[in-house]
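Following the hints, put chain B in place on chain A, whose structure we already have.
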Amino acid sequence: MAERTDSERPVVFEARGLTRVYHMGEVAIHALRGVDLDLYAGELVVMLGASGSGKSTLLNILGGLDAPTEGTIRYRGELLGDGGERELTSFRREHVGFVFQFYNMIPSLTALENVAVVTDIAREPMAPIEALRLVGLEDRADHFPSQLSGGEQQRVAIARAVAKRPAVLMCDEPTGALDSKTGIRVLEVIEQVNREVGTTTVVITHNAVIARMADRVVRLRDGLIDDIDHNAERAEPASLSW
Amino acid sequence: MRALDHKLLRDFSGLKGQVAAIAVVIAAGVMTLIIAVTSLDAISYGQRAFYRDHDFADVFAELKRAPEYLAGRIAAIDGVNRVHTRVVAPVRLEIAGFDDPVSGQLISIPGGEQPPINSLHLREGRLPESGRADSVAVSEPFAEAHGLRAGDRLRAIINGRLETLTVSGIVLSPEYIYQLGPADLIPDYERFGVLWMNRRALGRAFDMDGAFNSVVLTLQAHADPEPVIAALDRLLADYGTLGAYARDEQVSHRILSQELDQLRVTSVILPTIFLGVSAFLLSVLMGRIVRNQRQQIAVLKAFGYSGAELIRHYAILTAAIVLVGVVLGVVLGGWAADWVAALYMQYFRFPETRFEVRPQVITLGAAVSGAAAMLGTWRAVREAAVLAPAVAMRPPAPATFRRSWLDRSRLRRWIDQPTRIILRNLGRHRIKASLSVLGIALSVALLVVGGYQFNAIDQLIDTQYRKVLKMDAIVHFNDVAPERAAAELRHYPGVEHVEPFRSVPVRLVHGVHDYRTAIEGMNRRPVLRGLIDRSGVDQELPESGLVLTDYLAEHLDARPGDLIDVEIKTGHRRTVQVPLAGVVSEPLGVSAYMARPALNRLMREGPAASGFWLSLDRSAETELFRELWDVPKVAGIGLIAQAEADIRGYIEDTMLGTMGVMLLLAVSIAFAVVYNSARIAFAERERELATLRVLGFGRGEVAWILVGELFVLTLLAIPLGWLLGTGLAWILTEAIEMDLFRIPFVISRQAYAMSAAGVLAAAVLSALLIAPRLARLDMVTALKSVE
Numbered sequence: 001m002a003e004r005t006d007s008e009r010p011v012v013f014e015a016r017g018l019t020r021v022y023h024m025g026e027v028a029i030h031a032l033r034g035v036d037l038d039l040y041a042g043e044l045v046v047m048l049g050a051s052g053s054g055k056s057t058l059l060n061i062l063g064g065l066d067a068p069t070e071g072t073i074r075y076r077g078e079l080l081g082d083g084g085e086r087e088l089t090s091f092r093r094e095h096v097g098f099v100f101q102f103y104n105m106i107p108s109l110t111a112l113e114n115v116a117v118v119t120d121i122a123r124e125p126m127a128p129i130e131a132l133r134l135v136g137l138e139d140r141a142d143h144f145p146s147q148l149s150g151g152e153q154q155r156v157a158i159a160r161a162v163a164k165r166p167a168v169l170m171c172d173e174p175t176g177a178l179d180s181k182t183g184i185r186v187l188e189v190i191e192q193v194n195r196e197v198g199t200t201t202v203v204i205t206h207n208a209v210i211a212r213m214a215d216r217v218v219r220l221r222d223g224l225i226d227d228i229d230h231n232a233e234r235a236e237p238a239s240l241s242w
Numbered sequence: 001m002r003a004l005d006h007k008l009l010r011d012f013s014g015l016k017g018q019v020a021a022i023a024v025v026i027a028a029g030v031m032t033l034i035i036a037v038t039s040l041d042a043i044s045y046g047q048r049a050f051y052r053d054h055d056f057a058d059v060f061a062e063l064k065r066a067p068e069y070l071a072g073r074i075a076a077i078d079g080v081n082r083v084h085t086r087v088v089a090p091v092r093l094e095i096a097g098f099d100d101p102v103s104g105q106l107i108s109i110p111g112g113e114q115p116p117i118n119s120l121h122l123r124e125g126r127l128p129e130s131g132r133a134d135s136v137a138v139s140e141p142f143a144e145a146h147g148l149r150a151g152d153r154l155r156a157i158i159n160g161r162l163e164t165l166t167v168s169g170i171v172l173s174p175e176y177i178y179q180l181g182p183a184d185l186i187p188d189y190e191r192f193g194v195l196w197m198n199r200r201a202l203g204r205a206f207d208m209d210g211a212f213n214s215v216v217l218t219l220q221a222h223a224d225p226e227p228v229i230a231a232l233d234r235l236l237a238d239y240g241t242l243g244a245y246a247r248d249e250q251v252s253h254r255i256l257s258q259e260l261d262q263l264r265v266t267s268v269i270l271p272t273i274f275l276g277v278s279a280f281l282l283s284v285l286m287g288r289i290v291r292n293q294r295q296q297i298a299v300l301k302a303f304g305y306s307g308a309e310l311i312r313h314y315a316i317l318t319a320a321i322v323l324v325g326v327v328l329g330v331v332l333g334g335w336a337a338d339w340v341a342a343l344y345m346q347y348f349r350f351p352e353t354r355f356e357v358r359p360q361v362i363t364l365g366a367a368v369s370g371a372a373a374m375l376g377t378w379r380a381v382r383e384a385a386v387l388a389p390a391v392a393m394r395p396p397a398p399a400t401f402r403r404s405w406l407d408r409s410r411l412r413r414w415i416d417q418p419t420r421i422i423l424r425n426l427g428r429h430r431i432k433a434s435l436s437v438l439g440i441a442l443s444v445a446l447l448v449v450g451g452y453q454f455n456a457i458d459q460l461i462d463t464q465y466r467k468v469l470k471m472d473a474i475v476h477f478n479d480v481a482p483e484r485a486a487a488e489l490r491h492y493p494g495v496e497h498v499e500p501f502r503s504v505p506v507r508l509v510h511g512v513h514d515y516r517t518a519i520e521g522m523n524r525r526p527v528l529r530g531l532i533d534r535s536g537v538d539q540e541l542p543e544s545g546l547v548l549t550d551y552l553a554e555h556l557d558a559r560p561g562d563l564i565d566v567e568i569k570t571g572h573r574r575t576v577q578v579p580l581a582g583v584v585s586e587p588l589g590v591s592a593y594m595a596r597p598a599l600n601r602l603m604r605e606g607p608a609a610s611g612f613w614l615s616l617d618r619s620a621e622t623e624l625f626r627e628l629w630d631v632p633k634v635a636g637i638g639l640i641a642q643a644e645a646d647i648r649g650y651i652e653d654t655m656l657g658t659m660g661v662m663l664l665l666a667v668s669i670a671f672a673v674v675y676n677s678a679r680i681a682f683a684e685r686e687r688e689l690a691t692l693r694v695l696g697f698g699r700g701e702v703a704w705i706l707v708g709e710l711f712v713l714t715l716l717a718i719p720l721g722w723l724l725g726t727g728l729a730w731i732l733t734e735a736i737e738m739d740l741f742r743i744p745f746v747i748s749r750q751a752y753a754m755s756a757a758g759v760l761a762a763a764v765l766s767a768l769l770i771a772p773r774l775a776r777l778d779m780v781t782a783l784k785s786v787e
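Protein chains in written order, with the numbering used here: chain A, 1 to 242; chain B, 1 to 787.
In isolation and in its complexed conformation, chain A is listed as follows:
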């Protein structure tokens, strides 16, 4: 693929002045304090930050899991969050794939069925088995989550996320609960999906090593963007180690 500059790729997300305040028990937490960020089609962005830096909050808001306290997001030029809960639900249903740190499998469903839960409600999805093949787990289709290792569960989670052919893939600490070898295998799958399907991918992590596989690296600190780096070249996940 020819190297393109940011301006050549269409903008998928345009976030302006995002703030988010949580009330946990008796404490008010300012998770985001005014974030501006654009995401471009097909790029792989790694967001780095310590815990509490606001990276998960930003990902959740971009993915339509949460709404900002203040600020706006445009998705492909359309203002997001105006239509409230109903609009966010259909936004997630049609455009976003999620991968979580703790896999969040439905324990009573097999690997295949966990993927089908998403394809059942998507428009023109992949066949669930095809999605599993993409992550190399087609032979584990009939296993329940309790019969899969953590890495396998996470790969099923990725299959589940990409099976609906989302425009954007949101990965929240996808390797956080895994050992490095398994983690790299998972990153390979994410990189492969990004490369082959062209899905805009956001990976958040506190592991700086992972940043080397990104097109761009966004660093957050205390709810603000610290800086944004462009990698001249994306590193192969296999070459990473931690």
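Nothing false has been slipped in among the hints.
Examples of chain B residues toward chain A, derived with CB under 8 Å:
| # | residue |
| --- | --- |
| 1 | Leu4 |
| 2 | Lys7 |
| 3 | Arg10 |
| 4 | Gly14 |
| 5 | Gln295 |
| 6 | Gln296 |
| 7 | Val299 |
| 8 | Gly304 |
Residues of chain A clear of chain B, computed beta-carbon distances all greater than 12 Å:
| # | residue |
| --- | --- |
| 9 | Val11 |
| 10 | Glu14 |
| 11 | Gly34 |
| 12 | Ala50 |
| 13 | Arg74 |
| 14 | Leu134 |
| 15 | Arg140 |
| 16 | Glu188 |
| 17 | Val197 |
| 18 | Ala232 |
| 19 | Arg234 |
| 20 | Glu236 |
| 21 | Leu240 |
No lab work stands behind these hints: they were computed from the structure.
Note that beta-carbon positions come from the ideal geometry of N, C-alpha and C, so glycine has one too.
Quick look at chain B alone, frame taken from chain A:
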């Protein structure tokens, strides 16, 4: 099949322990409804059909003797449809192999034919052939009690003459659905029977040729019985009538109606209590099960499932559980209702009953259970669904705990860490803990309601037979006997003490209320008969004035000092006003009392008696009865011990049968509730408990956190449950007062103890069932996975 449907199936089978427990709660609620309504339906259908098909009379009158031609004038009364005159006479019977005195009622039928009113239902054989004088049809319960079949013989003393009668057939009569002897409260099929005989033969035996002493009428549709009764009384005034009366005063009809009324009340109250409790528990349980899947709900939301789709998903799960419960409830309820109805059929004899569970009843049961379950589910799903998925997916924020007075008090040193966790948890989740306590308390309350009647009925019967009826036997005479006959009776074998009584049939009227009963005249302080007040203390009869059973005084809305109109229905028939002098409290029957001399004055007679109470040396009983039976004046001998056994049997069969089923249901509900609370508490706390294990707490200590909490909840629930149960029992007691008996509102210590023991046993059993799960607690996975 969609993946979500797979989840449904797997969740359903994965929750099978809880599904079963919840289904039991639903089934119990539905069962009570079905038992109550279906047995009520069966009995009232039996009654309606029997009355309709066998032309049950609307108006009845007994008299001394009237010429047959009066029938035409009776038929001419406005509103009368049909008239049937007949001869009714008492008879004494002797049955081979049965030593006790047996009395009976002979009723005439037109020669060889069905009477036009109160026609008979033939069970076996046929009616006496026309012209036969020695042939009788016999009532079914009496025939069953003695094993009589068509063709068998029995001996009868008819108007002093001994005759041998042949049984032509076995019959049922709408007049004797509840076959009660004249002096009895409870049917005694061995010692009282009804026989039907040709009119000509019976007329001859009692000198009633061309005359009658009983008349029954049916009315034209919508005719008011009151003017007909008044006209009939005027027509029969010169013929010694005891006063005509409508169905509501006919003994069998009245008792059957009251039983139906009572069933109608319990068919509302008991299912309301049970279904209400089960609905409440259901909504709490379903809510907690769904809340347990909060994170799965969040994930599904994150993937784009809408709130409505999720509610639908859990609604189907709920519906499936409710369906299991309802099916179980309908099947078991139908079976139990069949059994309960059969108990009643021993006492109420119908040719046919229709046994059918009405679809509306099933619908009602399913709707109440379904709605309650859905409410709980809906609230829990909504709670999880309104949260932004990102928030829901995180474990809930650590709840705010505060140091309580316990931490500051001296007690603190005595409380170990796990116990502190229990207390803080309960203190923090006050609403959840209160709901659990309320749920368990309700099952304690059901146990109290289910159990209290067993003791209450014992007390009822003990009061009646130890404190009120202290005699051993009652001898009734055909006619009024002089008081001095007592001296004669004293010489019979085994007789220890004799006391006379005078019984006068009356109608008591006070304002708009009236009641037919008999005034019992007795010594002012009888030895063999107690007159007790509410606290069981014996009272003396006033020199003059009327004393009523408190239930009757209430029915007449009369207070001491009020004047009561007493219509005397025998002898010098007239109406006099007698002041109400006091009330007595008796659990059985509805009677009025006076000092015997005052009653004799009222009757304008000398010191006369209707019969005598005897206390006996029981070893001479058989000999005594044989000798007494040979006295022609003796109309009947009542045995108190027999009556006590009969009434105990009746109440045990009908009421306690039903209550036994209810108690069983209460036990199942108690277990289901406690077990489910334990299971859900375990699911909610699995991670926390595993963490404690990781931190070095022993298995026992960790188990204590769960089990201890369960027991604290149960212990808190017991006193509350007693309170609720007492209230429910009071409602039930008030609701089922009737002429036959009033259940005293006494809840014994045993009933309270039993309910507490029941729910504690349920707690222990639940703890034992949870124990293996605690032992298997997987520390590593429990900590790794958020699910």
